[in-house]
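From first to last, the protein sequence lines stand for chains S and C.
As numbered in my numbering, residues 1 to 219 make up the first sequence, in order.
As numbered in my numbering, residues 1 to 486 make up the second sequence, in order.
Fair warning: there could be bad hints in the mix.
As the list claims (entries may be wrong) - Incomplete in silico selection of chain C near chain S, CB under 8 angstroms:
no., residue
1, A128
2, T141
3, L153
4, W157
5, V160
6, S164
7, F171
8, V193
9, G209
10, V210
11, L213
12, V461
13, A462
14, A464
What the hints assert, rightly or not - Output of the computed footprint for chain S on chain C, the stretches with three or more beta carbons under 8 angstroms from beta carbons of chain S:
no., region
15, 19 to 29
16, 133 to 140
These are calculated hints, taken from the structure and not from any lab test.
Beta carbons are placed, not taken as given, at the ideal position from N, Cα and C, and that holds for glycine.
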Amino acid sequence: MRTGAELDVVELAAGIVLAGAVLALWRKDLRALISVLSLQGAALATVAAVLAVHDGDAGLGVVAGVVLLAKGLVIPGLLARVVRADPGSRETAPLVNVPASLITAAVLVVVSYLVAGHLTALFPGPLTRLAPLGLATVLVGFFVLVTRRKAVSQIVGLLLVDNGVALVAFLLTAGVPLLVELGASLDVLLVVVVLQVLATSMRARFGHIDLDQLRELHD
Amino acid sequence: MLLVAIVCVPLGAGAFAAMVPWGRVIGWAMAVADATVLGLAIVLAVQTDRHQVAGGLDGVLRADALSAFMAVVIGAVSLLASIQSVRYLEAEIARGEHSARHASLYSLLVQVFVACMLAAVLSANLGALWVAVEATTIATTFLVGHRRTDKALEASWKYVLICSVGIALAFLGTVLVYFAALHVPGHPTGASVLDWTSLMHDSHRLDPGVVRLAMALLVLGYGTKVGLAPMHSWLPDAHSQAPAPVSALMSGVLLTVAFYALLRFKAVADGALGPEFTRTLLVIVGLASLLVAASLLLTQRDVKRMLAYHSIEHMGLIALGAAAGTTLAIAAVLLHILGHGLAKAVLFLASGEILLVEGTTEIDKIPALLARRPLLGGIFGFGLVALLGLPPFSLFVSELNMIRGELAVGLGWAAGLSLVAMAVIFAAVMAHSRHLLLGGRVASSSATSRLVGIPLVGGLVACAAFGLSAWPLQPLLDAAARVVVR
Chain S
1 MRTGAELDVV ELAAGIVLAG AVLALWRKDL RALISVLSLQ GAALATVAAV LAVHDGDAGL
61 GVVAGVVLLA KGLVIPGLLA RVVRADPGSR ETAPLVNVPA SLITAAVLVV VSYLVAGHLT
121 ALFPGPLTRL APLGLATVLV GFFVLVTRRK AVSQIVGLLL VDNGVALVAF LLTAGVPLLV
181 ELGASLDVLL VVVVLQVLAT SMRARFGHID LDQLRELHD
Chain C
1 MLLVAIVCVP LGAGAFAAMV PWGRVIGWAM AVADATVLGL AIVLAVQTDR HQVAGGLDGV
61 LRADALSAFM AVVIGAVSLL ASIQSVRYLE AEIARGEHSA RHASLYSLLV QVFVACMLAA
121 VLSANLGALW VAVEATTIAT TFLVGHRRTD KALEASWKYV LICSVGIALA FLGTVLVYFA
181 ALHVPGHPTG ASVLDWTSLM HDSHRLDPGV VRLAMALLVL GYGTKVGLAP MHSWLPDAHS
241 QAPAPVSALM SGVLLTVAFY ALLRFKAVAD GALGPEFTRT LLVIVGLASL LVAASLLLTQ
301 RDVKRMLAYH SIEHMGLIAL GAAAGTTLAI AAVLLHILGH GLAKAVLFLA SGEILLVEGT
361 TEIDKIPALL ARRPLLGGIF GFGLVALLGL PPFSLFVSEL NMIRGELAVG LGWAAGLSLV
421 AMAVIFAAVM AHSRHLLLGG RVASSSATSR LVGIPLVGGL VACAAFGLSA WPLQPLLDAA
481 ARVVVR
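Take these sequences, add in the hints, and give me the full structure.
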């Protein structure tokens with residue numbers, strides 16, 4: 001089995017991913033959120049790298065590099081460009097206030113541990129035990145998505161969901177097949193590019209990117 | 001070889017369109033490419049008819065009767081859409097809304113979109129299937145926003161954000177299936193763990209607890225792309241704001257390509273869990289979608305939004321049919337996928353023509369279409385008749401058989417509820433379309449371009465023909481249904 005030091009590093013990195021998600025609920029400064037995402041990306045890459053070294057899996061090593069590049073550098077860079085173009089960039093009015101959000105996050109973590117019982121039952125390893133951290137990140141990301149109204153905060157929510165899924169994938173299966181893993185990383189990168197272009201043109205057109213004020217399409 | 005050709009023809013056509021300045025000839029070249037896809041897909045369907053399986057690209061691509069059937073539907077709808085695209089782009093360029101470069105980009109994206117859908121139904125691996133479905137979101141975002149209005153921008157934002165979240169959940173579901181398959185002793189390892197054949201072979205040995213969690217995520221995730229409630233909210237916006245040929249493709253085939261993914265996973269999950277669990281999930285989302293469609297159709301004031309809610313209704317019906325899961329019901333689901341694809345494509349394309357000649361798609365502002373523009377009004381009227389599930393169109397037959405399937409497995413109560421929802425929708429659509437088709441008096445009538453008339457009438461005739469006799473299709477439908485029914 002894996003050595004203690006390797007396991008420590010993976011546990012720390014997985015913890016950082018979830019802590020980042022909770023931090024995203026708490027901080028309103030959008031620039032801080034972007035640093036959080038960058039840190040999460042680096043933590044995910046670390047998990048993949050440790051597993052790659054342990055298993056001697058070159059493909060997973062490539063994935064670790066791609067994750068570091070995409071989630072650690074390029075995506076936060078793209079988001080930073082959106083925020084720089086929008087000076088008053090704070091999440092002013094989330095639909096749920098911070099204390100309530102943090103309590104919700106605690107509940108979501110408990111839910112993830114309950115749901116993950118099936119996973120640990122199938123394969124009770126030290127890495128499977130960490131999977132609930134990824135599931136909780138997914139749920140917190142979902143919560144961010146439905147309660148935040150700024151375009152950038154919504155992208156952050158989407159990326160939290162995505163990082164949570166990636167963490168679960170690394171922990172449970174040391175990554176899905178290389179083709180799929182690379183396809184997934186490329187897809188999320190392209191989605192962020194698309195969202196960045198849309199956010200930029202929304203700013204140019206409406207002068208803001210506050211989605212609460214877009215109310216033309218509704219029933 | 002055939003499979004590679006089917007995916008590469010639209011890709012090549014798109015690349016060609018991107019490199020040369022757009023003109024009418026290029027538009028027609030795209031239509032020829034899509035006609036080629038349709039032809040090749042029919043050849044494939046004939047080949048795979050009797051449980052034969054075609055492979056390609058070193059095992060990455062694979063086709064059985066189900067994939068071949070879906071490829072035929074994609075080919076047919078994209079042929080209709082690309083013919084109408086010529087007219088859409090010419091009109092936009094003439095109005096000065098778009099440059100020729102935009103038209104080239106449009107052609108490229110539409111062909112990439114079609115190629116992604118084909119890759120999705122032809123991929124051997126359920127992970128690669130996910131990548132292809134996700135890629136359709138990226139290819140279509142700028143198409144939804146192609147008209148570059150405020151509303152189109154807002155619609156594309158909602159579309160890409162909601163669908164990306166949905167598809168991320170589907171990825172988590174796929175990862176869990178992979179996890180379950182990895183821990184089956186003797187299951188192939190490496191890249192082929194998620195291969196359809198190996199998963200089906202070992203499906204009864206997958207861990208039920210993990211598969212249950214996976215299937216819930218997959219229904220929610222792919223269900224988002226299918227437009228099933230509760231994750232449907234992007235659909236009316238995206239379908240109403242996209243250019244008509246894109247709406248036709250998105251509503252006519254993209255929704256059902258995502259449903260195809262669910263059918264595949266359902267077969268795997270049924271092996272591990274028995275049919276009850278997935279059935280319950282599909283009944284819940286199916287009935288919720290019917291409820292949403294019935295309650296919101298009543299208040300629609302716009303033709304394209306009306307059609308969009310209609311799509312949610314039909315996806316709900318398909319979900320109920322799949323929940324029944326007998327060979328009869330699945331064959332009916334597939335026939336419904338074809339019939340809905342053709343009828344919905346015709347209606348969206350007709351609504352694009354209405355927007356072009358009338359300048360609006362608001363129902364109140366376009367009365368008496370049948371008297372003023374007999375051909376266009378007639379197409380629209382017959383399209384609605386088809387979509388409401390009246391004979392002779394194939395949707396009547398498929399709805400009947402889906403209900404028979406539901407009765408056979410004790411889902412009679414759900415079938416009853418779906419009939420109530422369909423009755424409400426019938427009344428709502430009648431009320432809306434009576435004004436649109438008949439209302440008010442008019443003096444003169446004007447003709448409709450043959451370029452519009454011929455393909456749309458052709459689509460409706462095909463839909464009616466399959467309703468009167470499913471003869472050329474029935475063996476294929478049965479073979480395709482048996483792929484996912486045990």
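Outcome of the hint check:
Evaluation of the A128/C hint against chain S yields a held restraint, the C-beta minimum of about 6 angstroms falling below 8 angstroms. With a cut of 8 angstroms, the hint placing T141/C at the interface with chain S holds, because the nearest CB-to-CB distance is about 5 angstroms. Taken as an interface hint, L153/C checks out: its beta carbon lies about 6 angstroms from the nearest beta carbon of chain S, inside 8 angstroms. Satisfaction of the interface hint for W157/C is found here, the shortest Cβ-Cβ separation to chain S being roughly 5 angstroms, below the 8 angstroms cut-off.
A distance limit of 8 angstroms between C-beta atoms decides the matter here; for V160/C the minimum to chain S is near 6 angstroms, and the interface restraint holds. Against a cut-off of 8 angstroms between C-beta atoms, the interface hint on S164/C holds, since the closest Cβ of chain S lies about 5 angstroms away. For F171/C, the interface hint holds, since its Cβ comes within 8 angstroms of a Cβ in chain S; the closest pair sits about 5 angstroms apart. Contact between V193/C and chain S, as hinted, is supported at the beta carbon level, the nearest pair being about 7 angstroms apart and thus within 8 angstroms.
Because the smallest distance between the Cβ of G209/C and any Cβ of chain S comes to about 3 angstroms, under 8 angstroms, the interface hint for this residue holds. Against a cut-off of 8 angstroms between C-beta atoms, the interface hint on V210/C holds, since the closest Cβ of chain S lies about 5 angstroms away. Proximity of L213/C to chain S holds as hinted, the smallest CB-CB distance being about 6 angstroms (cut-off 8 angstroms). Evaluation of the V461/C hint against chain S yields a violated restraint, the C-beta minimum of about 34 angstroms exceeding 8 angstroms.
For A462/C, the interface hint is violated, since its Cβ never comes within 8 angstroms of a Cβ in chain S; the closest pair sits about 33 angstroms apart. Taken as an interface hint, A464/C does not check out: its beta carbon lies about 32 angstroms from the nearest beta carbon of chain S, beyond 8 angstroms. For a cut-off of 8 angstroms, the count of residues in the region 19 to 29 of chain C with a CB near a CB of chain S stands at 0, and the three-residue condition is violated. Using a Cβ-Cβ cut-off of 8 angstroms, 4 residues of the region 133 to 140 of chain C lie near chain S, which meets the minimum of three, so the contact claim holds.
The earlier numbered hints that this structure contradicts are 12, 13, 14 and 15.
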